[in-house]
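K.L.:
Each chain, written out:
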Amino acid sequence: MSITLPTYSRLEIPLLGRRQRVWAIIATGLRKELRRPAAIVVMALGAAFTTITSIAILFIATIIPSGQAPNLTFFSGPASNFFVLFFVSLMASVIGAGLIADDLQSMAFTLYLSRPITQLDYLLAKAAILAPLVAMVTILPLLLAALVAAFLGFFSWTIALEAMGISIVVGGLLTLFYTAITLFLSSLSRRKGIAGAGVFAVNFGLTIPAEVLTIVIGNRSILYLSPWDNYVAVATAAFGASSTGIDWAVALAILLGVTVLAALVTYVRMKAVEVITG
Amino acid sequence: MLVETAGLTKVFGEVRAVDDLTVKIPDGAIGLVGPNGAGKTTFLRLLLSLLRPTAGTAKVLGRDIEDGLAVRERIGYMPEHDCLIPDMTGVGLVSYMGRVSGLDRDTAMSRSHDVLQFVGVEEERYRKVAEYSTGMKQKVKLAQAMVHDPQLYIFDEPTTGLDPRGRSEMLDLVGTIAKSPGRNVILSSHLLPDVETICKYIVILDGGHQIAAGELSQLLSGATDRLRIDVRGDRDAFARLLKDAGFDADAGPSGLHVSRKPGLEAAVFETAKSLGAEVRYMGKEIRSLEELFLELVARTEKPGA
Amino acid sequence: MNGVVEAVGVSKWYGEVLGLNAFTASFGKGITGLVGPNGAGKSTLFKLLIGQLHSDQGKITLLGENPWNNVPLKRRLGYCPEQNQLYGWLTGQQFVETLLRLDGMPAAESRKEATAALKVVGLSSAAHRPTRGYSRGMRQRAKLAQALAHHPEILILDEPLSGADPAGRVHILRTISEFAKDGGHVLMSTHVLYEIERVTNNIVLIHNGKAIASGNIHAIRALIDTHPHAVRIETSKPRQLAQALARMEHLVSFEFPAADTLLVRTRKPDAFYRELPQIVSDTKLDVRGLESPDDSLDAVFRYLVG
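Chains as they are written, first to last, in my numbering: chain A, 1 to 278; chain B, 1001 to 1305; chain C, 2001 to 2306.
Chain A on its own, in the form it takes in the complex:
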């Protein structure tokens, strides 16, 4: 038997602060995702595909004679690239769906909570794992597209830099929205499959019917139901392009409202999760 080995030694140094503890969760979580083949494939494909198509959209916009000199409004094209929606959904379900659900399934959540961190720390750390990965699809392609376009001389550097700034803001909005929604769905159930399906349901189950109904009924206000169309409205307005037919301010309010609500509900749910059983 190998029991009473007195190799157990005392810890002499003081503990690091809360920021380092949260960072440990983030770093470990990111490292884990970056080692998972499924996550890497989705990320690489997503980033590559959206970047290339965004550049293509910009390129096509500049060569089609529209009577305008290349300006900021051209960037609303890549910002409303439909591939963003597709890959965001894919990434949220492949990477984000398990972030909380797996901990509930394995009951490792108990372990986290028995540590000197709060439920909020835990949630923030999980959000900080997901957000940069989502941003690889929502922000990075826009930045790269602007950069490439400026290098190739389609736009002046002034316009390109301005476009990059706006891209960070609108891409950031979309990133926050999907991070909050995904974590919320992930906290609902112990099965990550349900959360993954939920992300697709939110995206395509709302976007496509809303767009179809708009055409059938002819009333564009149905588009407020679709997170994607809300985002497109905000992005188009931000780049100063002509309106998509729904009010960007309302759309922004809806996106921010849903983000905050999802985050809040997740937090409240996490606080109520059974910690110790038996």
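What the hints contain is simulated information worked out from the structure, not anything from laboratory work. Predicted model only: the values in this text are computed from it and were never measured. It cannot be assumed that every hint is accurate.
Said to hold, decoys possible - List of simulated lysine to any residue pairs, SDA-like, C-alpha gap at most 25 Å:
hint, chain 1, residue 1, chain 2, residue 2
1, A, Lys271, B, Pro1253
2, A, Lys271, B, Leu1220
3, B, Lys1024, B, Leu1220
Unchecked claim - From chain A, some residues computed to sit far from chain B (all C-beta separations above 12 Å):
hint, residue
4, Ala27
5, Met107
6, Thr110
7, Leu188
8, Ala241
Beta carbons: idealized from backbone N, C-alpha and C, even for Gly.
Using the hints, position chains B and C against chain A.
P.N.:
Frame of chain A, contents of chains B and C only:
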């Protein structure tokens, strides 16, 4: 004081899980026992500062449970149920939990090897937790509770699901920790003989109240001073001869019970010699924690329950 | 060949995984404790006995009959599986009643028997609550009630105590003892060895799919001569007592672990106990306590399984 509470109360809807509990628990190895639904779980959750009390206050290691982070920095908790992250390795998981407790990366790694060695997880520590046996998982659960060197360990049924060898290894480990200076243990278990072996001080809860608390030796003393003697041979004749010699002996299913008087032990061997009987066991009759527990719980039991 | 359970060369494989391997044993009168490490084959043995599995090799009988495809035999046995999942929406009463109806008992009678069985296990007050609200100890008792309700000749209980609180454990053990006192047979497994010892001295020790020991715990202990039998004697003069005992030829060693303690090891415990009273009374040394720390199931287990 390890734990000090005043009027601690936690109400869930209609249920008063912990009801106006005022306890002073000294440092050391503490056994927490009680029937199902006694409020042990809620009490432990309150100590870990994972629940906010409905009323009352509590201090753990001198710190108010309002300050959850400070309290949890000093507690190592080993839950009863499975709680390990299946796709991490043993050493990866333990060092990760160390870092979440505030150890830097190198210290976390070094300590995680130390504690895994201590609990007896050898080269398996590099394999994924999902492949571990129950016993191995239980040891990793213990290791993660040790990694940040807490002053207070909370063990919730640490031997659940273990086979006899696993049980005895786990009990040895818990006992070793309980004996190390400056380290305190709260052991919650239904296996009272285990609690009796490891703990010096016992808190018995029932219905959210403390129905008894004290040093184990004091709680169990006060019984009559009697000897239990296990005889092989003519047991009835043995009892009769002892009675003839002036001792108050009666034969029960687990042996003879005799009130202690000077000269008893000599008389026992004298009797054995004359009868050609064997004395297989002779010792002070001690009340077990289980007897005390059943007595106390029966006393507080509501009629009809 | 008159054990309640007779097994000759029984093997059961799950693909490549060992269940039982040429298991041979005869046991089962009164209460028998089945002990062994995880994966030793206890649950496999139980499932063979209740006819849930068919052995790949060998012959096994329960109450003299082959359990496989033997419906009448099932009426004579009561089984408690290890799993703690009940049909959560049923009340305790409905749960036991439903299983009795499956036995073919008429409705009125099964109601009566279910009530009686729940009373025996001490669940009367919770009988009409859904089992999903039961604690683990109450579930164990509900399972025991359904095993008892049809008055079987033998109870087969897989870890009947796990999860039960102290009062529940005592109640379950008492129920088992009373069942055996009324002439029933009980096979039970548990990992908590001292709980077996509270109800019986008869065990079957299973390891790697084989019965490596069966019978009385103390008799088995006496057979293990690689580990001399230790006897701890409490006396004010341990060294003088050692001197007096030294002429016993079967003694192996003396130790003095404390100022008032003598630890003797002997190869022949029976002879030692036979000769001891004579020496103690002749020398007039005061012996205040006597115990044998390794004459227990725990020691047997440790020595044989490691």
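K.L.:
Are any of the numbered hints broken by this structure? If so, which, sorted upward?
P.N.:
1, 2, 4, 5, 6
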